[in-house]
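Chains as they are written, first to last, in numbering that gives the first Met the number 0: chain A, 0 to 140; chain B, 0 to 117.
Hints in this document: simulated from the structure, not taken from any laboratory.
DSSO-like, lysine-lysine: derived pairs with alpha carbons at most 30 Å apart:
(1) B:K100 <-> A:K118
(2) A:K56 <-> B:K4
(3) B:K4 <-> B:K68
(4) B:K100 <-> B:K4
(5) B:K100 <-> B:K68
(6) A:K56 <-> B:K69
(7) A:K118 <-> A:K93
(8) A:K56 <-> B:K68
(9) B:K4 <-> B:K69
(10) B:K68 <-> A:K118
(11) A:K118 <-> A:K56
(12) B:K100 <-> B:K69
Here are the in silico distance ranges between beta carbons for each label pair:
(13) B:A114 <-> A:G36: 36 to 42 Å
(14) A:G34 <-> B:G51: 19 to 25 Å
(15) A:G34 <-> B:E2: 25 to 31 Å
(16) A:R139 <-> B:A50: 22 to 28 Å
What you are looking at is a predicted structure, and each value in this text was computed from that prediction instead of being measured. Note that beta-carbon positions come from the ideal geometry of N, C-alpha and C, so glycine has one too.
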Amino acid sequence: MSTEPGTIFERRFHNRHDDLSRVTAEAMRFIEARGVGDEAVYLANLTIEEMVTNILKYGYDDTAVHEIRLRLEIHPGTLRLVLEDDGHEFDPLKAPEPDINQPAEQRVPGGLGIHLIRKLSEQIDYERCGGRNRLTVRIRC
Amino acid sequence: MSEMKIGHAVTNGVSVGRIEGRLDVQGSAVLETYAQQCLSAGELRLVLDLAGVGYISSAGLRSLLVVAKKAQAVNGCLVLCGLTPIVLNVITISGFQQLLKICVTEEEAVAAAAALPG
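With the hints as constraints, model all of the structure from the sequences given.
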């Protein structure tokens with residue numbers, strides 16, 4: 000798949016909430032400026048917030064600075080979002096589906112966000128390579 | 000990212016919070032503080048108008064449930080209204096529509112909150 004200049008957004012940032020807020024805002028400005036529909040903008044925002052928040056909460060045992068990578072590619076009809084981190088191996092596709100009849104506080108932490116992304120996205124792929132998690136989410140746009 | 004704002008009004012003994020902004024991790028904290036202030040002030044029948052909310056995450060969904068439970072714990076109630084299509088869809092696919100009282104308009108929500116036992 001070829002991509003023309005101006006259709007790719009790439010950032011490397013640290014495992015800090017301030018960095019997450021800043022990069023999310025930049026990513027949203029990038030997507031909105033390219034005429035992507037409201038639902039795709041929403042889902043991209045949700046995916047970044049939910050998945051990076053999970054990485055910050057559960058990804059690391061230490062307090063060191065780690066690098067998280069975000070890449071967005073806009074193709075005709077599809078927005079491709081790739082997140083990479085060097086935290087613990089975590090395959091969200093293997094996370095149990097939350098029991099929506101169970102009280103929220105008894106559900107698996109982080110499970111609700113992943114459930115929403117699974118339901119709303121076109122496709123999710125996960126791979127672990129070179130000690131890094133790589134999550135690719137395809138969003139209709 | 001702009002901070003969330005909540006406009007507050009009391010109609011027929013029902014507190015109405017009109018939320019403008021994002022119900023993300025930060026917005027959820029603002030919402031929970033607001034609701035706690037209402038409940039502490041003895042305003043036990045709460046309506047949240049979400050017409051100005053274009054973004055909600057799992058943190059936002061959880062905060063709505065937290066507010067509903069806190070209100071119920073003091074014999075109060077929570078009714079939502081003004082849901083945008085995106086927010087309504089997310090509430091539905093997360094199964095939360097079974098746990099939250101939802102009306103279309105603010106008028107209906109105020110009437111429902113006033114009529115609920117509490």
